[in-house]
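Colleague: Please build the complete structure, drawing on both the sequences and the hints.
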Amino acid sequence: MKRRNFIKNIGQLSAAPLVFNGLSLNPFATPSMLSLLNCEGIGDRALVVIFLKGGNDGINTIVPINQFDTYVANRPDIALPETGINGVIPLDSTLPIEDQVGLHPSMTAFKDMYDNGKARLVQSVGYPSPNQSHFKSTDLWLTGGDGTSANFNLDSGWIGRYIEAAFPGVAGNSTTQFPDPLGIQFGDSKPSLSFHDHSQNYTGVNLSGQNPANLFGLLNGLGTAPHSDVINSEYGAELQYIMSVENSLNAYGQRITDVYDNGNNSSTTYPDSYLSYQLKTVARLIKGGSGTKIFMIHKSGFDTHAGQVEADDTHTGHHADLLADIFDSIKAFNDDLGVLGIEDRVVTGTFSEFGRRATQNGSLGTDHGTTAPLFLFGSGINAGVSGTNPDLSNLTSNGNLIDGHQTDYRSVFKTLLQDWLAADATVITNADFDAHTKAPDLIDPSALADPSCYIPPQAISVPIELREFTAKVVDENKVQVEWSTLSEINHDFFDVERSADGIEFELFETVNGRGESTSLRTYSLIDEEPLEGTSFYRLKSVDFTEEFSYSPIRSVRIKEKVVSHYKVYPNPAVFDTNVVLTSKVSADAELQLFALDGKMIASQSLRVKEGFNKFSMDVSNFTAGNYLLKVQSADLDLPVSKLIIGS
Amino acid sequence: MASLLAHTGPLGTQRAAHLLRRCSFNISRARIDAFALLTADAAVEQLFVPTNLFVDEPICYENGLPWINSGAANTLSNTRLRNYVRAWSIDESRRDLSIISKLAFFLHSNWVISADAPNNYQLFDYFVILRHFTTGSFKELAKKMTIDNAMLDYLNGHDNSKFNPNENYAREFFELFTIGKGPQIGPGNYTHYTEEDIGEASKLLSGFRKTTRPLGGDPQYWNATIGAQLGYAVYSRHDTTDKTFSSAFGSQTITGAVDADDMYRELDDFVEMVFAKDETAKNICRKLYRYFVSRNITTEIESDIILPLATSLKNNNYIIGPIVKELLKSQHFFDEDDAISGDELLGGIVKSPLETILQTMTFFDVAVPDIFTHTEDHYQQWYTRSLMNSMLLRAGMTVYKPDSVAGYPAYYQAPSFSENWFNGSTLIARYKFGEMLLTGRRVLDGGDLGGVELDIVDFIHNSGVITDPSDSSGLVNTLCTYLFAAAPTTDRFDYFLNDIFLDELSPINWANEWSEYLNTGTDTSVRIALERLVSALISSQEYQLS
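Sequence order for the protein chains is A and B. For the first sequence, the working numbering begins at 1 and goes up steadily by one. For the second sequence, the working numbering begins at 648 and goes up steadily by one.
Be aware that one or more of the hints could be misleading.
Unchecked claim - Facing chain A, according to a computed beta carbon distance under 10 Å, are these residues of chain B, among others:
#, residue
1, 790
2, 814
3, 1056
4, 1070
5, 1079
What the hints assert, rightly or not - Below are the PhoX-like pairs computed for lysine-lysine, each with C-alpha atoms no more than 20 Å apart in a straight line:
#, chain 1, residue 1, chain 2, residue 2
6, B, 1048, A, 53
7, A, 630, A, 609
8, A, 599, A, 561
9, B, 790, B, 961
10, B, 961, B, 934
11, A, 53, A, 136
12, B, 828, A, 136
13, B, 961, A, 136
14, A, 614, A, 642
Hints were generated in silico from the structure; no laboratory data involved. The beta carbon of each residue, even a glycine, is placed where N, CA and C say it ideally should be.
Modeller: Below, the structure is given as structure tokens:
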């Protein structure tokens, strides 16, 4: 059985064939054009972002040492002890006293990483006109918006815009240079708004709940073929959307499984939690050679309106468990990366949609607030503290901090994109980050991406910009393949490839490209002898450096010839003439002889059986001349033959 | 111009199927055929005739008795019982031929709680209240939901007191449940309400408490009209000051209550104040529109559809039934109010996993384990373990416990809305639904479906849905007609017929196979082909859409 499923049909779009044909020396190394610029390793860097959903209580996470009495007065039932075995952990006594903080006692892992130069605390992160709705504030953080009307309803996300700007045309199309998805989401089956680009395409791959180890196995054989065309309607647009999800998952499915299989974790013990599992998977993917730039991880449960601490035992309870999970997991992740030898490739950061009030509510909890601390981790991070403690005595009537944000969250993201992932000025502009300044001192000076290492978008060379590629049946049994390019750069030739099953493609014809072109170029060729039934065409565009990319696959359907080897002989005939044919089906038919004026002058019934058939007709009684012979059948489609009867 | 004028003339098959897919979890060829002969008016009226509940309350498999309002106590854990209450609601939705269950789900997606929060009796009451108000007044529902035990628990209303106001419920009441958030026009000012309004509302709502809900209910807190138990007012916890709201509400002051009974008056005054705003009616109508029609609310839709409906809704005491009827009967709903019919709306929504599974099961007449004779399989193995905790969960739907108070992203998350149901994380599970039903197994995590299984040969042979099963083209055409929102293109039809179903053999071959099956009773060969077809149809791009 030949199942034609989307996975098989589009699967070959990925760079996998290159890898498996052994053309690449190390199939799992991300080819880095940055090496040309002597910026070794920067192209292999990744950013892991952990979203703490619900609004983390920053004030019980990072307690201002210099305002401890005010803190306790604001929060008599939930304040942490100042001293003792269960008291807050003083972070850094070398800081000025007004900047000194006490960590929640669950944060021993953070303290450890900080002391080892691998963690940074950024105080009071937020945005202008804070919004206290979970949903709106989440949308703002994910889109790069704020509470002002100009930035309140952005449709695209900051990660999506970065991916779009830094890797134009790459998202969803696995290529030789970028075989991996540029963004991967874990821990939330809802596609994060952050990955939406300007056109509202989701630029990541959502692997929530999926096991990368068997992803490809599950995809294999699933679903139905892509539509060759869809009608121009909302229904058609939704079909396109669904196919784009299939396409992207499919393009990357094999690669993700391969990378995962190729990677491993060290013997580092991770805590037993969902967050920890997600991070462990990320470590393994990166070790396996993943070139994914941004991983988005989710951890929920921070909306602590009630019961965030155990009464009279405030260092324990729900919030303590959440914090222990975060920092223990991140530390395990970083330790694992260290043992695996890839610690210098990964920076991890956390954020939450808002902090909580400075004052408690009556339910051993806290209500929605505004700013909150943000944490960064990794050997590439400049350990330390940004900013100072917010003033816990300067509050609104409902207990919110009057002090606004000290650091705009977009400044943090911008800094990570520029100083860590080496986004250049154009990328920053196109990703709509120009309005924000960089936050100082986040990245360790030794790990700062050199400005000359910024990835220029045009360096992502695609040999051609394909405008369209079509295959359609013409003249009933021929296939016309047409395509056009908007531009061609350094482009050598096209291979038009053909396949009977959508899996194994073979070269059909090679067509020379234009080398360099910036105007519309059209190409066309005819397949005079196409395969019967459904067949598939694709275009392989090869540039002068032998880099190549594939077009989408198009399918056409040629009506199958039920009858082959149809022949009438002898012709001219004197006594008998024979009709031979090989049929795929059995059918009732009639052998008909016509005069040239179309009048039937003889006929005989036939039973065509599957396989080879031979029928004879006695023509010795007809006068010599030209006749027409036809095998007439509802199930067979046979041409009329000219028959000459001799004397 | 978008038009609420009624669609006239018989609906025909495609429009009948559109109406049913959008309004019912229960689809069948017979129902579509019957609606095809009706006008939009007659069909929609029929959808509003309530179906009686199959069982008024869930049954316990330990003793075969109902356990909520009658029957006997049992020893099952609260967690299990909550799951069985959810199962009960889903099973009634599956059986429901009316629009009521679809509307109840809409109300749930608006008045969100999580089934994790309350105990099983309180969860049951929550469903009873929603069902009671499905075609009734959204405003009255707002008053009852505020003091629903499950809601008091979920959004900390229970904890909200004059000593320590907890604003969780008040905030979501404005933002998510009623008037909705407008543009932020100043610090803490969301146009339609302000942070100060949230604070005042929190005070006003302080002192309402959960009540203990035993088997059979506590008569003291019982609401006989609805048939459910509610929370109660505790005056000593109530903030008795007068509450003054912002200019968004005309700076209205609501006088503080003088005793516990008067707290209900205060609640009434508050709800009336919010529902006196046009924006509240508009927000509800936009939600209904997105739920039943489309995510695209253009300025034209806003002025031609939303505004007239909102005016009717507000003028009619927020009774939902009539405006939903008007919307569903309209030319607009069938996309026949502009120059090009059928290029919008039809097939433009991604189905929820719950809709997908229930509509598949009812269309193919797949039975669930009998409630009375296979009670444990019904509630535990099928509904809890298989449907909710495996199939729906893996498809991204934690039914009746969405992961936030905003509900299911398909109904609120702009700009993608229903596309949120379909992504790299949910695709595999959705595409495996067919295989699971055909094999009776949870193919992604092991285990059986408690006896739920689609015998496709039996269905094709005996259901009457396929007139002549030996006609391969007719068979595929019939299934595509009733399962898809629009007819497939010739190429696509060829694909399903030849590549998938016939496996590139001839139609004659299929006819022979079928007659072989009829003569010998051996179904091996026809089963392979039919399972291949149905599996493909259910995992097709077309089938994801409604």
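Colleague: Now tell me if each hint is right for this structure.
Modeller: Comparing the hints with the structure gives:
Proximity of residue 790 of chain B to chain A is violated relative to the hint, the smallest CB-CB distance being about 23 Å (cut-off 10 Å). Hint status for residue 814 of chain B relative to chain A: holds, with the closest Cβ pair at about 5 Å, below 10 Å. Below 10 Å, beta-carbon pairs count as interface contacts, and residue 1056 of chain B has one with chain A at about 5 Å; its hint therefore holds. Because the beta carbon of residue 1070 of chain B sits about 5 Å from the nearest beta carbon in chain A, less than 10 Å, this interface hint is met.
Checking residue 1079 of chain B against chain A by beta carbon gives a least distance of about 8 Å; that is within 10 Å, so the hint holds. A distance of roughly 16 Å separates the Cα atoms of residue 1048 of chain B and residue 53 of chain A; the hinted pair therefore holds under the 20 Å criterion. A threshold of 20 Å between alpha carbons decides the hint, and for residue 630 of chain A with residue 609 of chain A the separation of about 17 Å falls inside it, so the pair holds. Restraint check for residue 599 of chain A and residue 561 of chain A: the C-alpha separation of about 28 Å exceeds 20 Å, so the hint is violated.
Distance restraint check for residue 790 of chain B and residue 961 of chain B: the Cα-Cα separation of roughly 16 Å lies within the 20 Å cut-off, and the hinted pair is therefore satisfied. For a cut-off of 20 Å, the pair hint linking residue 961 of chain B to residue 934 of chain B stands: about 15 Å separates their Cα positions. For the hint linking residue 53 of chain A to residue 136 of chain A, the alpha-carbon distance of about 13 Å falls within 20 Å, and the restraint holds. Taking the CA atoms of residue 828 of chain B and residue 136 of chain A, the gap is near 9 Å; set against the 20 Å cutoff, the hint holds.
Restraint check: the Cα-Cα separation between residue 961 of chain B and residue 136 of chain A comes to about 27 Å, which exceeds 20 Å; the hinted pair is violated. A C-alpha spacing of about 18 Å is found between residue 614 of chain A and residue 642 of chain A, which places the hinted pair at or below 20 Å, so the restraint holds.
In summary, the structure is inconsistent with hints 1, 8 and 13 from the numbered list given earlier, while agreeing with the others.
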